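Trainee: Sequence:
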Amino acid sequence: SAIPSRETVLTILELMKDLEEPVLIHCKSGTHRTGFLSALWLFNQQPEQTELAFQQLSLKFGFVGLERWLKATFEQRPTLDAVIWEYQRFHQACGIRFREWVDSSYMARYYPIAMRDAPRITSRASTQAR
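The sequence shown stops at residue 760 when you use the numbering used here, and every number in between is there.
Watch out, some of these pointers could steer you wrong.
Computed beta-carbon distance windows for the label pairs [unchecked claim]:
#, residue 1, residue 2, range
1, Phe704, Gly725, 34 to 42 Å
2, Cys724, Gln676, 13 to 21 Å
3, Lys658, Leu696, 16 to 24 Å
4, Asp648, Lys701, 28 to 36 Å
5, Ser735, Asp648, 31 to 39 Å
6, His656, Ala723, 29 to 37 Å
7, Cys724, Gln675, 19 to 27 Å
8, Cys657, Arg707, 28 to 36 Å
9, Ser635, Arg727, 13 to 21 Å
10, Lys647, Leu682, 16 to 24 Å
Taking lysine to any residue and the SDA-like style, the derived pairs with C-alpha atoms no more than 25 Å apart in a straight line are [to be verified]:
#, residue 1, residue 2
11, Lys658, Ala632
12, Lys690, Cys657
13, Lys658, Glu678
14, Lys658, Leu689
15, Lys658, Ala702
Simulated from the structure, these hints should not be mistaken for laboratory data.
Just so we're clear, the structure is a prediction, and the values are computed from it rather than from any experiment.
Yeah, the Cβ is synthetic: ideal placement off N, Cα and C, and Gly gets one too.
Let's have the full structure, built from the sequences with the hints guiding it.
Mentor: Now the structure itself:
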């Protein structure tokens with residue numbers, strides 16, 4: 631899936647704000663686009679759950695980081711998760727909320743560069759076990 635434009639992300643956020651809970655999101659295989667939209671839901675509708683959204687992009691929830699990296703490398707374009715990693719950097723640096731970040735800093739054309747050094751997301755449990 632291509633990196634969505636700012637306008638597409640803003641449209642998704644607008645559509646999400648009017649949805650009644652519970653919300654079911656599912657794409658063809660139920661992992662990457664589903665995970666991306668689920669993260670957007672948490673970022674926008676439940677901003678207190680932002681860290682949880684980062685943690686859920688893990689194998690436990692069907693997200694295979696190595697597969698995403700291989701796909702991005704072979705196709706020479708970033709995958710959707712590059713947006714999440716970039717937002718994570720901004721959020722952890724200054725606590726910016728997702729909608730604010732999209733309005734001020736989101737640039738779909740930038741992610742091929744950002745993707746190369748995307749940070750790994752680890753759960754607190756695995757970090758504490760070390």
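Trainee: Indicate, hint by hint, whether the structure satisfies it.
Mentor: Do the hints match the structure? See the list:
A C-beta distance of roughly 35 Å is found between Phe704 and Gly725, which places it inside the suggested range of 34 to 42 Å. The beta-carbon spacing between Cys724 and Gln676, approximately 20 Å, falls within the hinted interval of 13 to 21 Å. Range check, Lys658 to Leu696: Cβ separation about 20 Å, and the 16 to 24 Å hint holds. At about 33 Å, the beta-carbon gap between Asp648 and Lys701 stays in the expected band of 28 to 36 Å.
Distance hint check: the CB atoms of Ser735 and Asp648 are about 25 Å apart, inconsistent with the given range 31 to 39 Å. Under the hint 29 to 37 Å, the C-beta atoms of His656 and Ala723, about 33 Å apart, fit the expected range. Under the hint 19 to 27 Å, the C-beta atoms of Cys724 and Gln675, about 21 Å apart, fit the expected range. Taking 28 to 36 Å as the suggested C-beta distance range, the pair Cys657 and Arg707 does not conform, at roughly 18 Å.
Distance hint check for Ser635 and Arg727: the Cβ-Cβ separation is about 20 Å, which falls inside the suggested range of 13 to 21 Å. Lys647 and Leu682 have their C-beta atoms about 19 Å apart, which keeps the hinted 16 to 24 Å range intact. Annotation: proposed proximity of Lys658 to Ala632 holds, straight-line Cα distance about 15 Å (limit 25 Å). At most 25 Å may separate the alpha-carbon atoms for a hinted pair to count; Lys690 and Cys657 meet this at roughly 18 Å.
A distance of roughly 29 Å separates the Cα atoms of Lys658 and Glu678; the hinted pair therefore is violated under the 25 Å criterion. Only pairs whose Cα atoms come within 25 Å are accepted, and Lys658 paired with Leu689 is accepted, the gap being roughly 18 Å. The suggested pairing of Lys658 with Ala702 holds, with an alpha-carbon distance near 19 Å, which does not exceed 25 Å.
Hints 5, 8 and 13, counting from the list given before, are not met by this structure.
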